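Sequences listed follow chains Y and G, in order. Here our numbering is used: the first residue of the first sequence is 154, the next is one more, and so on. Here our numbering is used: the first residue of the second sequence is 99, the next is one more, and so on.
One should not assume that every hint holds.
Said to hold, decoys possible - Quick list of the computed label-pair ranges, beta carbon to beta carbon:
{"#": "1", "chain 1": "G", "residue 1": "391", "chain 2": "Y", "residue 2": "199", "range": "53 to 61 Å"}
{"#": "2", "chain 1": "Y", "residue 1": "180", "chain 2": "G", "residue 2": "722", "range": "18 to 26 Å"}
{"#": "3", "chain 1": "G", "residue 1": "391", "chain 2": "Y", "residue 2": "232", "range": "43 to 51 Å"}
{"#": "4", "chain 1": "Y", "residue 1": "231", "chain 2": "G", "residue 2": "394", "range": "54 to 62 Å"}
{"#": "5", "chain 1": "Y", "residue 1": "232", "chain 2": "G", "residue 2": "686", "range": "45 to 53 Å"}
{"#": "6", "chain 1": "G", "residue 1": "381", "chain 2": "Y", "residue 2": "204", "range": "18 to 26 Å"}
{"#": "7", "chain 1": "G", "residue 1": "212", "chain 2": "Y", "residue 2": "232", "range": "24 to 32 Å"}
{"#": "8", "chain 1": "G", "residue 1": "704", "chain 2": "Y", "residue 2": "231", "range": "40 to 48 Å"}
{"#": "9", "chain 1": "G", "residue 1": "365", "chain 2": "Y", "residue 2": "199", "range": "26 to 34 Å"}
{"#": "10", "chain 1": "G", "residue 1": "117", "chain 2": "Y", "residue 2": "220", "range": "29 to 37 Å"}
{"#": "11", "chain 1": "G", "residue 1": "633", "chain 2": "Y", "residue 2": "204", "range": "34 to 42 Å"}
Since the hints were derived computationally from the structure, they do not count as laboratory data. All of these numbers come straight from a predicted model, not from anything done at the bench. Glycine included, every Cβ here is placed at the ideal spot set by N, Cα and C.
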Amino acid sequence: MLHENKQITGTDYAAQKKAKLGVLLFFVYTFIYIGFVAIGLTNPQWMGIEILGGQTLAIVYGFGLIFLAIIMGFIYNYLCTKLENKMNQES
Amino acid sequence: MTYEVSNIAIIIFLFIVGMVLGLSFYFARKTKSASSYYAAGGKIHWAVNGVAFAGDYLSAASFLGISGMIAYSGYDGFLYSIGYLAGWVVALFLVAEPLKKLGKYTFTDALDSKFNSKSIKLAASISTLIVSVFYLIPQMVGAGDLVVPLLGLPHWMGVVIVGSIVIFIVATAGMTSTTYVQFIKGALLVVFSTVLTIYILKNGLKLTPTENYHKFAQLEAVVTQDTIVSAPNASYVVKNTKVVDKNVFVSVEKDQATGWYKLNVKDGKTTLDEMLYTSVGVDGVKLYNGAPKADKKFFQVGHLSKIVVDGKEVDKTGPVGPFEFIKSVENSEVVRFTKKAFKDGENSVVVWYQNPTSGKDIMKPGLLYKISNDVGASIWDKLNFVSLMLALFLGTSALPHILIRYYTVPSQRAARKSTIVAIALIGFFYILTLFMGIGAMINGVLDLESSNMSGPLLAKSFGIGIFSIISAIAFATVLGTVAGLIVASSGAIAHDFIDKYLEVKMTDDKKVKAGKISAIVVGLFAILLGILFKGMNVSFLVGLAFAVAASANLPAILFLLFWKKTTAQGISWSIFVGIVSSIGIILFSPTMYEKYGLIPKDAPIPLDNPGIISIPLAVITIIVVSLMTQKKETTA
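Just chain Y, same shape as in the assembly (with noise of 0.2 Å):
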């Protein structure tokens, strides 16, 4: 089965800056998310305009909610992972 051998984790020195990003792209995220939300509270009707290929703002949106929440899980991990090799490096 997959295993790992426990790893004893040190200091992170990229902990900090990875908890910023986290953070920033958390804000990002959730401004997006409340965007929809607002939508559906005050303009509903906007969620039946086609917008994109055809599709609607219903689906246009709610789609890529949850694709720009996988693209910027990628984002994230490539950063942090390049930090950690930076930071831990250097220190």
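For chain Y, the structure is supplied; the task is to place chain G on it using the hints.
Okay, now just chain G, sitting in the frame of chain Y:
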């Protein structure tokens, strides 16, 4: 509804359950220490853990509940998919790594790592237990629903079977076996949901879903005064009329049988349209469309009344691509079935009438959550919508059975990577839920008594093979999730409460034993609740669990991680206020009033989802109490 039982289905079901049990036996031999029981020794590979995360998360609520909710309410069900996934953003960006750094076995360990406070241990262990039990209810309800068509057993037996198997799994093996069960199940669920979606797209849209789909009767009617209805000829006799929420329901005797019809006026033509109904008399006997259940008169439903492609009406579309499928449904008209209940003399009658709905309305929010002023949405309706979206967004990263999975991997980096694997898999699966839900809505498979079975019944319409595999995976889904929840609950009782709070001295062996005994007790309790909550949509119930978790746990976690002035008292009080306010609102909500047999409109709090009130309350509590207890902390 009565179902034909298939031997192949039973064999595949037994095979998958056997595989799960075999795996548990294998790992049971390896589980010796407390670390192994609660956190799989912290040695699971991030990729395996990521898929297991997906397995944990894609519970009965996702596969059974969301598909069912979409099948009945269109896009509003898909809101759950969007919210459930968005919640992972909070988990990944804010919680995953710091929490991994702080904890050992449980979420309480992490919360308490800075303070070593008895009140935190007590509050967090109670919260873990309550949230896990709330989450357990829908899983058990889903299990009961599944065995009805799969094995031809009554609902309560499904609940008992799942409860017993899981108690056995958890009491023998713990987190390692739970992880691998979830890994296999998570992967199988995504693969076979993809297969099911391909079937749906290949099948396309058809006016007649199946060859033997029921042809709904439509009778001509004459209205002499507002609700007095008479027959234009002697082919039927009007026995009774009932007006419920402005709908006129008519009891008609035709060919020596009585049935309920709905009076409709369209284009100047007055008709009586056949409905499905159940009635329970004073003797307690329930009839389905006027006959005993075994007569199979309560048929499956769900069809399109109009299909429009390129501006032209057609009978069927043939195979379609995913976006073409969505577009075609938007341009068409779907017949949904709306439920109403009333008293007819001493009989309690429930009817489901045909409700033709524009595809455009199906594919945007508004059918379940009234948010448009055009349909008279009140401020409470709008708050319900916001409250749901808030609870889903904030609930994921506060679920104890999800949080404990961060302790099964060896490092913070592994915690992060496994979260990303989970997001990708779960996100892909949630896209599929829209197709599975709409597929069930238009393919004549809906069992009107149980929205939870829409996904598996859709699979059944494509063949007994895929039905049995999907149902067995769904059953394993329940097994795995319940196992994870019971490990989390037993951790709360044995590790957080008995070991840490009461400080009962125990050897490592005894700790594992205490965990196992706790698991058995929680399992038995879950069986009881699963039977009591029969008939409710599992995704709705999970939405409530999310609200309780988001109210009780998330403010505590986030303030601990990001606000230096947070104190132990602040955390404990916030958890208690979150639990009490969220559960209090749920208990006095319209849905629970309906469950108590009272009138939903009489509920003192018109909110079904408590998050909008209880989450801010918990946040205010942690800020105020922490500020009030600053001095004590610094001088201590």
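Results for each hint:
A beta carbon spacing of about 46 Å between residue 391 of chain G and residue 199 of chain Y contradicts the range 53 to 61 Å that was offered as a hint. Restraint check, residue 180 of chain Y to residue 722 of chain G: a C-beta distance of roughly 24 Å satisfies the suggested window 18 to 26 Å. Restraint check, residue 391 of chain G to residue 232 of chain Y: a C-beta distance of roughly 59 Å breaks the suggested window 43 to 51 Å. The hinted range of 54 to 62 Å is satisfied by residue 231 of chain Y and residue 394 of chain G, whose Cβ atoms lie roughly 57 Å apart.
Range check, residue 232 of chain Y to residue 686 of chain G: Cβ separation about 46 Å, and the 45 to 53 Å hint holds. A hinted range of 18 to 26 Å for the beta carbons of residue 381 of chain G and residue 204 of chain Y is inconsistent with their spacing of about 57 Å. Restraint check, residue 212 of chain G to residue 232 of chain Y: a C-beta distance of roughly 27 Å satisfies the suggested window 24 to 32 Å. Under the hint 40 to 48 Å, the C-beta atoms of residue 704 of chain G and residue 231 of chain Y, about 46 Å apart, fit the expected range.
The given range of 26 to 34 Å is respected by residue 365 of chain G and residue 199 of chain Y, whose C-beta atoms sit roughly 31 Å from each other. Checking the proposed 29 to 37 Å range against residue 117 of chain G and residue 220 of chain Y shows it holds: the Cβ atoms sit about 33 Å from each other. For residue 633 of chain G and residue 204 of chain Y, the Cβ-Cβ distance of about 39 Å falls inside the hinted range of 34 to 42 Å, so the restraint holds.
Comparing the model with each numbered hint stated earlier shows that hints 1, 3 and 6 do not hold.
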